[in-house]
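Novice: Here's the letter readout for the chains.
2 protein chains.
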Amino acid sequence: MTEKQILLLPGPTPVPPQVALAMARPAINHRGPEFKALWEEVTAGLKEVFQTRSEVVILTASGTAGMEAAVVNLISPGEKVLAVTIGAFGERFVQICRAFDVEAEVLAFPYGRAADPEVIAERLAADSGHQIKAVLVQHNETSTGVLNDIRAISRARGNHPALLIVDSISGLAAADLPMDAWHVDVVIAGSQKALMLPPGLTMLAVNERAWQAAEKCTNKRFYLDIKKARSSGLKGQTPFTPAVSLLYGLRESLRLLREETLVGSFARHALMRDMVRAGVRSLGLDLLADDSVASPAVTAVCVPEGLKPADIITPLREKFGVVVAGGQGEVKDRVFRLGHLGYVSFNDIMAGLAALEAVLVDAGVPVTRGAAVAAAGAVLGEGTAR
Amino acid sequence: MTEKQILLLPGPTPVPPQVALAMARPAINHRGPEFKALWEEVTAGLKEVFQTRSEVVILTASGTAGMEAAVVNLISPGEKVLAVTIGAFGERFVQICRAFDVEAEVLAFPYGRAADPEVIAERLAADSGHQIKAVLVQHNETSTGVLNDIRAISRARGNHPALLIVDSISGLAAADLPMDAWHVDVVIAGSQKALMLPPGLTMLAVNERAWQAAEKCTNKRFYLDIKKARSSGLKGQTPFTPAVSLLYGLRESLRLLREETLVGSFARHALMRDMVRAGVRSLGLDLLADDSVASPAVTAVCVPEGLKPADIITPLREKFGVVVAGGQGEVKDRVFRLGHLGYVSFNDIMAGLAALEAVLVDAGVPVTRGAAVAAAGAVLGEGTAR
Numbered sequence: 003m004t005e006k007q008i009l010l011l012p013g014p015t016p017v018p019p020q021v022a023l024a025m026a027r028p029a030i031n032h033r034g035p036e037f038k039a040l041w042e043e044v045t046a047g048l049k050e051v052f053q054t055r056s057e058v059v060i061l062t063a064s065g066t067a068g069m070e071a072a073v074v075n076l077i078s079p080g081e082k083v084l085a086v087t088i089g090a091f092g093e094r095f096v097q098i099c100r101a102f103d104v105e106a107e108v109l110a111f112p113y114g115r116a117a118d119p120e121v122i123a124e125r126l127a128a129d130s131g132h133q134i135k136a137v138l139v140q141h142n143e144t145s146t147g148v149l150n151d152i153r154a155i156s157r158a159r160g161n162h163p164a165l166l167i168v169d170s171i172s173g174l175a176a177a178d179l180p181m182d183a184w185h186v187d188v189v190i191a192g193s194q195k196a197l198m199l200p201p202g203l204t205m206l207a208v209n210e211r212a213w214q215a216a217e218k219c220t221n222k223r224f225y226l227d228i229k230k231a232r233s234s235g236l237k238g239q240t241p242f243t244p245a246v247s248l249l250y251g252l253r254e255s256l257r258l259l260r261e262e263t264l265v266g267s268f269a270r271h272a273l274m275r276d277m278v279r280a281g282v283r284s285l286g287l288d289l290l291a292d293d294s295v296a297s298p299a300v301t302a303v304c305v306p307e308g309l310k311p312a313d314i315i316t317p318l319r320e321k322f323g324v325v326v327a328g329g330q331g332e333v334k335d336r337v338f339r340l341g342h343l344g345y346v347s348f349n350d351i352m353a354g355l356a357a358l359e360a361v362l363v364d365a366g367v368p369v370t371r372g373a374a375v376a377a378a379g380a381v382l383g384e385g386t387a388r
Numbered sequence: 003m004t005e006k007q008i009l010l011l012p013g014p015t016p017v018p019p020q021v022a023l024a025m026a027r028p029a030i031n032h033r034g035p036e037f038k039a040l041w042e043e044v045t046a047g048l049k050e051v052f053q054t055r056s057e058v059v060i061l062t063a064s065g066t067a068g069m070e071a072a073v074v075n076l077i078s079p080g081e082k083v084l085a086v087t088i089g090a091f092g093e094r095f096v097q098i099c100r101a102f103d104v105e106a107e108v109l110a111f112p113y114g115r116a117a118d119p120e121v122i123a124e125r126l127a128a129d130s131g132h133q134i135k136a137v138l139v140q141h142n143e144t145s146t147g148v149l150n151d152i153r154a155i156s157r158a159r160g161n162h163p164a165l166l167i168v169d170s171i172s173g174l175a176a177a178d179l180p181m182d183a184w185h186v187d188v189v190i191a192g193s194q195k196a197l198m199l200p201p202g203l204t205m206l207a208v209n210e211r212a213w214q215a216a217e218k219c220t221n222k223r224f225y226l227d228i229k230k231a232r233s234s235g236l237k238g239q240t241p242f243t244p245a246v247s248l249l250y251g252l253r254e255s256l257r258l259l260r261e262e263t264l265v266g267s268f269a270r271h272a273l274m275r276d277m278v279r280a281g282v283r284s285l286g287l288d289l290l291a292d293d294s295v296a297s298p299a300v301t302a303v304c305v306p307e308g309l310k311p312a313d314i315i316t317p318l319r320e321k322f323g324v325v326v327a328g329g330q331g332e333v334k335d336r337v338f339r340l341g342h343l344g345y346v347s348f349n350d351i352m353a354g355l356a357a358l359e360a361v362l363v364d365a366g367v368p369v370t371r372g373a374a375v376a377a378a379g380a381v382l383g384e385g386t387a388r
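Line by line, the protein sequences are chains P and V.
For our numbering, count along the first sequence from 1 and bump the result up by 2.
For our numbering, count along the second sequence from 1 and bump the result up by 2.
The set of hints was computed from the structure by calculation and includes no laboratory data.
Everything hinted at is true.
Same chains, same names: a pair is fine if it fits in one copy or spans any two.
Straight-line C-alpha distance at most 20 Å; calculated DMTMM-like pairs for lysine to aspartate or glutamate: (1) Lys82 x Glu124; (2) Lys321 x Asp364; (3) Lys135 x Glu120; (4) Lys135 x Glu124.
Hey, can you work out the whole structure from these sequences and the hints?
Specialist: Right under this line is the structure:
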């Protein structure tokens with residue numbers, strides 16, 4: 003029965019059965035009235051999740067294409083951005099910039115730490131000529147399990163006109179990010195995370211300041227052109243054939259999110275994080291990130307002395323059907339990542355921790371049997387989402 | 003019951019129920035062994051459909067991104083291509099070239115006609131300096147319902163080294179295109195056509211000559227980088243998160259195609275085309291394309307004097323649930339398009355023709371009731387796929 007898996011990944015999320023069945027609806031003409039109604043419902047629903055009045059565009063592609071779309075639509079070749087990196091996805095933003103001749107000044111913080119808003123404030127204050135056109139930063143850094151303080155980073159801009167472009171692919175709906183209230187200019191999301199869908203869609207919420215930048219941007223783009231997407235979207239269409247089955251799934255998952263409420267989803271993710279952290283610590287393992295910056299979507303756990311990540315990941319999958327992720331970037335060989343993102347229940351967390359405990363026992367790590375579930379259960383009983 | 007639709011579109015195809023259910027399988031880790039097995043099965047299956055030994059890459063995006071990928075991976079800024087256009091999708095190739103600073107010399111043939119291989123041969127023969135790096139052409143032009151003779155176009159190159167890049171998004175598996183045998187360098191496909199899937203995947207089969215061009219190409223790309231896709235693919239992965247649910251669907255649709263056989267699929271599409279053409283003609287309507295170049299995927303039908311396309315398309319959908327497409331490009335106001343592409347049966351064609359007949363009667367067009375079904379039935383009875 004190990005094919006009955008529990009995915010504890012930082013994406014893809016398990017897909018709710020009602021979402022999977024919604025995707026099995028018969029095909030429709032994406033140039034017809036049925037599509038227009040679907041489109042209007044999902045874009046309105048997404049605005050609630052992005053907490054914005056700005057336009058949201060949906061592209062048929064995965065999250066990296068959303069990051070690329072933010073760069074090629076908003077920053078011209080030769081222009082400079084401040085790329086704030088705290089892990090592998092921050093580094094990906096840098097790679098994308100460089101692929102399209104955008105100068106990325108990298109402000110790197112160590113793996114496991116959050117970005118320091120004061121350092122960002124200082125750098126921007128020193129840029130009196132406003133050479134920096136945008137600040138690129140992750141909301142939730144998937145590779146390290148660290149949540150950045152986007153509100154503070156937004157405030158750190160002061161009067162600097164740089165756009166704030168936030169990759170919230172693994173953050174949106176798992177952690178609060180009120181785009182308009184926090185004056186974020188662009189937020190990027192992906193379908194296969196807290197939105198509880200399979201991969202294949204990326205969404206960008208783009209405010210008026212950013213649309214003005216898109217008008218002036220000379221970088222080349224065609225398929226990922228968000229201006230084309232906006233003007234088609236206003237007519238209830240997409241410029242190119244959209245992934246209709248995923249949009250049907252999105253309509254259903256937005257209904258589920260509305261039922262849980264955004265605040266409920268944030269609280270569930272925070273509580274799962276706290277259960278995981280308490281459970282893992284009770285097994286004597288170290289966590290990569292401090293509590294103060296810990297992600298509600300994924301927890302990077304340090305592998306005990308003498309073991310490699312595969313010594314934990316492989317038996318978890320093969321013996322228990324519990325699927326966790328390896329490390330990425332410079333902590334690749336030191337951590338495994340236990341996700342708690344999307345359609346994951348408290349029961350899934352308990353079962354995952356029990357399996358982890360058993361795997362550690364088998365590997366000869368001295369752990370107290372039952373400790374992880376007891377610790378997580380205590381957290382759950384108190385309901386103490388921070 | 004008009005919500006029980008019959009899609010007679012040049013994409014998206016109706017999706018077979020078994021494919022829809024396959025897409026509802028539980029999510030998997032796209033970095034794990036389950037994915038590798040899935041990936042290897044679908045790429046091997048696609049090679050059979052492309053009739054090639056070359057590598058096939060699958061990108062999470064729709065067909066236009068596949069066209070863009072062919073341009074940005076193979077043609078450098080400032081280089082020239084010969085863009086052979088016979089309709090709106092040929093024009094899209096030109097737009098894509100120009101968006102990425104590729105010089106597109108347009109060789110345009112009138113809407114409704116196929117490209118003349120002799121004219122292409124002359125143009126290439128005159129290019130003694132080999133300035134033309136590639137010939138871009140549609141296999142099946144979706145906007146006009148015309149099939150180009152790719153074998154003849156390939157031969158027209160003679161000794162000219164230009165790559166032959168064929169958009170077969172609406173052609174693959176509907177009409178024969180043995181890539182290796184016909185010396186085609188790149189073939190582009192899309193999921194929502196004869197592959198019988200929802201939209202969201204585009205596939206490119208790329209031969210060795212084209213991979214060499216990709217090595218030298220200086221155009222900018224990141225998400226659509228086919229070299230990255232190839233090197234990840236050889237490890238059973240994708241560089242960026244793939245649309246896993248669509249890949250599960252693809253596995254199932256490839257099984258269905260294998261069961262029907264490619265030759266069977268070509269014959270079915272050709273027979274549906276002949277049924278439609280006989281049926282429509284028996285109603286006194288004109289066809290945009292001649293028999294000799296008629297597409298097996300879609301038939302563009304001229305609207306009778308005094309009517310607009312919407313006068314036919316809207317009642318077909320609203321009264322009968324039969325969904326056909328409007329025109330595109332310069333014939334937008336003169337034709338509607340009756341698709342017979344993908345998961346479409348002879349019964350669907352019969353029902354669609356019966357509905358068309360009824361709509362024409364209602365619109366006051368003088369038609370003989372029963373004529374279309376009688377004519378199509380005669381074709382079907384003879385099984386005379388040309």
